[in-house]
Amino acid sequence: MSKVHGNHGNCKETGLCPIVTFPEVVNIDEIRDEIPEVKTFYLSFPNKDVEREFRIKSGQFIMCTVFGAGEFAVSLPPSPENDRFHISVRAVGKVTHALHALKPGDKLGVRGPFGNGFPFDEIKGKNIIYVAGGIGLIPLRSSIVHALQHREDFGRIILLYGARSSKDLMYQPDIREWQQNAGFETFITIDRPEEGWSGEVGYVNQLIEKANVPVDNSVAFVCGPPVMFNSVIGEFLKRGMSEDAIISTLERQMKCGIGKCQHCAVGRTLVCTDGPVYTYRQIKTLGEQI
Amino acid sequence: MSMSMYILSSGEISALVTELQASYDVYGPQVEPQTKQVFFDQLATPAALDLEAPIPSMPVKEILFPQMERILKYKYDAENQSVAMSKQYFERPKALFGLRPCDLSGILVLDRFFLGQEFVDDVYLTHRRQCLLISNTCLHPFPQCFCVCTHSGPDADEGFDLDLTKLQDGYLLRVGSEKGQAIADAHQWQVATPRHAKEFKAVVDRSIDLFPEMATDNKAWVAKVMNRITTGFVKQETWEYIGDQCFECGACSFVCPTCSCFNIEDTQTACGECERLRMRDSCSFEGYARMAGDHNPRQPVEDRRNKRFFCKLSYPQSKKYLRPGCVGCGRCQWVCPGDIGLPNVVQYIRREITGGQN
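Chains as they are written, first to last, in the working numbering: chain A, 2 to 291; chain B, 45 to 402.
Extracted from the complex, chain A is given alone in its bound form (with noise of 0.2 angstroms):
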């Protein structure tokens, strides 16, 4: 692990270095099937050292290398608190097509974690309104299960979860268990009616209407296609709802993850140092497609 390390977050909040230039070696402990094209991996780090000073926020992300690949940045699912480290990843490209072919046992390489990740002390007291839609509910799980773990710091802790189908659904063992917290509301639709299908079926703005959601006090973790975001953001702005309160996390081509080689360059900012999360107000300026 480079211990060369500047003026970031991560060390300044918790004296502890990211992984910056070289990857740390991670062993599959488990691999499980999510939905068509996604499959979770499950992690460990054999140095035990590293493994300890390793702690994430909601909203950061990691660079993961595939040996013989190459590497791609994923954002972090698990919980900063009790949860077992783990990436969820979409077949896409070369690289996550290589991640899907490895077994249990194989090694992957990890830098990170990286980037600003959700404000989590600030919005202690206000109701929560998650909006995912197909697999955004990835990058929106961490936060999701620290607010679950920290219940009675929040209001009403909402989940708007949209997806093409029923197999495309993300989580759903997790929700389920979610679903046992009292006051955790979750409302799921899908595209199109399907057979054996009894929840409610649209896109997901509609569940923004449905869900009745507070405005006021609250906060808004949006993350899904552009599309998705651009007609729920339309919704929740509507409703009156202050743009600062609209928080996403956004996605770029990244090499470093530490601000040098400007591949996430967006409007006036970098993704991974400045983002990935962004308020509204803040993507608003950005002056860019998103």
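If you are wondering where the hints come from, they were derived from the structure by calculation, not from laboratory data.
Some hints here could point you the wrong way.
Okay, the calculated bits of chain A under chain B, using three or more residues with CB under 8 angstroms as the criterion [stated by the list, open to error]:
#1 91–98
#2 103–113
#3 152–158
#4 198–212
#5 259–273
#6 278–284
As a list, the in silico DSBU-like pairs of lysine-lysine whose alpha-carbon atoms are at most 30 angstroms apart [claimed, not checked]:
#7 K104/A / K119/B
#8 K40/A / K117/B
#9 K127/A / K211/A
#10 K131/B / K223/B
#11 K49/A / K127/A
#12 K285/A / K363/B
#13 K279/B / K285/A
#14 K117/B / K95/A
#15 K131/B / K119/B
#16 K210/B / K95/A
#17 K279/B / K268/B
#18 K95/A / K119/B
#19 K268/B / K285/A
#20 K279/B / K245/B
#21 K268/B / K363/B
#22 K104/A / K131/B
#23 K119/B / K40/A
#24 K285/A / K117/B
#25 K210/B / K263/B
#26 K49/A / K119/B
#27 K168/A / K125/A
#28 K117/B / K49/A
#29 K351/B / K95/A
#30 K263/B / K242/B
#31 K104/A / K117/B
#32 K210/B / K223/B
#33 K363/B / K223/B
#34 K364/B / K285/A
#35 K104/A / K40/A
#36 K80/B / K117/B
Beta carbons: idealized from backbone N, C-alpha and C, even for Gly.
Once you've looked at the hints, dock chain B against the given chain A.
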């Protein structure tokens, strides 16, 4: 620290090169005999050093931030599910002898970007850690030079360990750091007199006077254009006009002393063996921001072009660099197959501001 100054003969310069070669890899400007091209390369002998050579074709960043470099090597054994990694970059101390002030400014920009932000770039730091910088005043501008507009020449005013200027009696050597002073203290060089200091000033003033109109004309406009780019007042048509001329070749980025974008790729070298390469990249390439799954948030060429000029000429960026991102070397103007080297872009924006009057 008050700046010590000495006068060195050509013989003493050569002796200094030889002496530095004992503890450094010494790089300097050399003229390739057949093509007359200037390269800033490792010196085999002190005689190869040509301090009067024009600015090198490629910026000196090549030595600290190579076009391509291996940063990691690993072996993985699929059968035994194991992997062994080894860090690959280790660099000998380097002395860069006879840097033109624009290239020196370029290094300072890279320093502030790679070492001064939230994270320290370990790879760049390894190159830079034991570096000695010796700059060389330009007695006259070379074609396309416009460093007087970007405050990075014709003489160096910060960041060097030692600085040379050719005067009548020999080379004036100015000391710019404690490291440089330690070198000077180990020699019996002749101390410069106030007459030499006066001559130095005259030589620099004469050099400034020799800059072509293009440079002096643009002087105030670089600042004005920075303001326009920062505030977003440049019209979309102007960016499109600039974008239309872009061949997306990336040459401007590769010759720019301050362009620092890079790509990282793992390539197989043998069965089960891989190396991680870090290579320069250019924001002008269409695939620059393209993600897996082919979503490309930065498709139109003019979007990519205005990002480049935003990087070179805007306040948010100059806050990172502590100066404009352009050092006025003019190399982008030499190599651009369109007509959108940075000075021309300044002209186009200036034309927009003045309504075509200038």
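Hints, one by one, checked against the model:
1. 91–98: With 5 residues in contact (Cβ-Cβ under 8 angstroms with chain B), the coverage given for the segment 91–98 of chain A holds.
2. 103–113: holds (count 4)
3. 152–158: Violated, because only 0 residues of the segment 152–158 of chain A bring their Cβ atoms closer than 8 angstroms to Cβ atoms of chain B.
4. 198–212: With 0 residues closer than 8 angstroms to chain B, the segment 198–212 of chain A misses the three-residue bar; violated.
5. 259–273: holds (count 10)
6. 278–284: The restraint on the segment 278–284 of chain A is violated, since only 0 of its residues have a Cβ under 8 angstroms from chain B and three are required.
7. K104/A / K119/B: holds, 18 angstroms
8. K40/A / K117/B: Between K40/A and K117/B the Cα gap is close to 28 angstroms, so the pair holds against 30 angstroms.
9. K127/A / K211/A: Roughly 20 angstroms separates the two Cα atoms, so the pair holds.
10. K131/B / K223/B: holds, 29 angstroms
11. K49/A / K127/A: violated, 37 angstroms
12. K285/A / K363/B: holds, 22 angstroms
13. K279/B / K285/A: holds, 19 angstroms
14. K117/B / K95/A: holds, 20 angstroms
15. K131/B / K119/B: holds, 12 angstroms
16. K210/B / K95/A: Judged against 30 angstroms, a Cα distance of about 56 angstroms means the pair is violated.
17. K279/B / K268/B: holds, 15 angstroms
18. K95/A / K119/B: holds, 19 angstroms
19. K268/B / K285/A: holds, 26 angstroms
20. K279/B / K245/B: Measuring from Cα to Cα gives roughly 42 angstroms; hence the hint is violated.
21. K268/B / K363/B: holds, 17 angstroms
22. K104/A / K131/B: holds, 26 angstroms
23. K119/B / K40/A: Judged against 30 angstroms, a Cα distance of about 25 angstroms means the pair holds.
24. K285/A / K117/B: Judged against 30 angstroms, a Cα distance of about 42 angstroms means the pair is violated.
25. K210/B / K263/B: holds, 26 angstroms
26. K49/A / K119/B: holds, 22 angstroms
27. K168/A / K125/A: violated, 34 angstroms
28. K117/B / K49/A: holds, 23 angstroms
29. K351/B / K95/A: Holds - the C-alpha atoms of K95/A and K351/B are around 28 angstroms apart, at most 30 angstroms.
30. K263/B / K242/B: Holds, at roughly 25 angstroms.
31. K104/A / K117/B: Holds - the C-alpha atoms of K117/B and K104/A are around 23 angstroms apart, at most 30 angstroms.
32. K210/B / K223/B: holds, 22 angstroms
33. K363/B / K223/B: Cα-Cα ~27 angstroms, so holds.
34. K364/B / K285/A: holds, 23 angstroms
35. K104/A / K40/A: holds, 11 angstroms
36. K80/B / K117/B: violated, 38 angstroms
Checked against the numbered hints above, the structure breaks hints 3, 4, 6, 11, 16, 20, 24, 27, 36 and satisfies the rest.
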